[in-house]
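Chemist: What follows is each chain in one-letter form.
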Amino acid sequence: DQQVKQNSPSLSVQEGRISILNCDYTNSMFDYFLWYKKYPAEGPTFLISISSIKDKNEDGRFTVFLNKSAKHLSLHIVPSQPGDSAVYFCAASGPYSGGGADGLTFGKGTHLIIQP
Amino acid sequence: NAGVTQTPKFQVLKTGQSMTLQCAQDMNHNSMYWYRQDPGMGLRLIYYSASEGTTDKGEVPNGYNVSRLNKREFSLRLESAAPSQTSVYFCASTPGRVYNEQFFGPGTRLTVL
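The listed protein sequences derive, respectively, from chains A and B. The numbering of the first sequence is the working numbering, which starts it at 1 and goes up by one. The numbering of the second sequence is the working numbering, which starts it at 117 and goes up by one.
Careful: at least some of the hints might be erroneous.
Unchecked claim - Derived DEER-like restraints, expressed as beta-carbon distance ranges:
#1 A:53 / B:225: 35 to 41 Å
#2 A:79 / B:181: 44 to 50 Å
#3 A:2 / B:222: 22 to 28 Å
#4 B:189 / A:26: 34 to 40 Å
#5 B:225 / A:71: 32 to 38 Å
#6 B:133 / A:81: 41 to 47 Å
#7 A:52 / B:119: 24 to 30 Å
Worth flagging that the hints you see were computed from the coordinates, not collected in a lab. This structure is a prediction, so every number in the text was calculated from the model and none was measured. By construction, the Cβ of each residue, glycine as well, lies at the ideal position given by its N, Cα and C atoms.
The shape of chain B in the complex, shown without the other chains (with noise of 0.2 Å):
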């Protein structure tokens, strides 16, 4: 059981590149999230799938997509990256009942110079 997973692990981008993190989680979970955290920060919601087949925008979603492509996967986009997109992106997923804590993956550091 690995939990939940992400890659990469690290990442530089230039301004304006594109990319996609991606996250696997095999707890047969329904409901899955993005954060992001900076320095000095709390993790900030981005975007989450409640369920399969749904995506909903978080505190902040501008400049970033998602993709719930099954139960286990649900991936971020950045369509052309910024420096303030610079930051520690972790992934999240609970089973979807109320009241779940929510397991979180490892995180992936991007830089964008």
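Next up, chain A with everything else stripped away, as it sits in the complex (with noise of 0.2 Å):
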């Protein structure tokens, strides 16, 4: 049973426009949220995080949205970059996470392409 769903494989934007990236969770006591970054061949790196507390978090060109009600969060990219083109994972963390106290429970990550 996935508790963090990113239910879009792949997507594709033209550079300088939105990249909007979804995730839906089901464990309601899921309370921290991260978005990684991982390239072919590398490991994953932290992009962005927020707390259960905020509904919005924001850094550079990167923001994420948190709607708790829904249990859905959401990565904007603003204006996407040849660079960005990577798969993103979400990332989940919390009590009963059921992958340990400190453990992450990750989606199976969109491949996000940019296209020039």
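Please dock the two separately framed chains into a single complex, following the hints provided.
Modeler: Rendered as structure tokens:
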């Protein structure tokens, strides 16, 4: 039973436009959410996070929105750049996550392709 | 500052062979983790160590053992490798305070024939 879901395996966006990546979760005990970016043959790198007490967090071109009632979060990248082409993982942390007290539960990832 | 390092980068084993994946971090982090990533899947937690001297099972611990050798090093052992353990293995660490992001190593690509 997947507790963190990324329903779009891939997303293609034109350079300069907005990229919106979506993530849904089922476990209401999750209280902290993160986005990771991963290039081929490298480890994931942290991008941005949000606590469940907030509904928005912004860092430069990246903004994460959290809708607790819908158990949904999204990552907005504006403007999209060629270097943003990568796989993006949504992850959740919290008590009873099933991954251990401090472990992260990951979605399957969305492959973002930025077209020139 | 090398961050999180993993050795080896690649390994091919035959079914039934054993091996140890090594992980070290130089950030003075308290907590360390082992994940595996399979094609089309997210990362799944195998084991973690919240602090030196403690280890706990994650989501998929069967077939693995771990050792937190000291604060810097956290190893993952496959006693009798199986083809189902073919995967990319990532080690991660975090300071261990609440709500810190995890820092990942570059991964070890393991194939079991």
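Chemist: All hints are to be evaluated individually against the structure, with a verdict given for each.
Modeler: Here is how each hint holds up against the structure:
A hinted range of 35 to 41 Å holds for the C-beta pair residue 53 (chain A) and residue 225 (chain B), which are about 39 Å apart. The hinted window of 44 to 50 Å between residue 79 (chain A) and residue 181 (chain B) holds, with their beta carbons roughly 47 Å apart. For the hinted restraint 22 to 28 Å between residue 2 (chain A) and residue 222 (chain B), the CB-CB distance of approximately 26 Å keeps it satisfied. In this structure, residue 189 (chain B) and residue 26 (chain A) meet the distance hint of 34 to 40 Å, their C-beta atoms being roughly 35 Å apart.
Taking 32 to 38 Å as the suggested C-beta distance range, the pair residue 225 (chain B) and residue 71 (chain A) conforms, at roughly 34 Å. Taking the beta carbon of each, residue 133 (chain B) and residue 81 (chain A) are about 44 Å apart, inside 41 to 47 Å as hinted. For the pair residue 52 (chain A) and residue 119 (chain B), the beta carbons lie near 28 Å from each other, so the given range of 24 to 30 Å is met.
Checked against the numbered hints given earlier, the structure satisfies every one of them.
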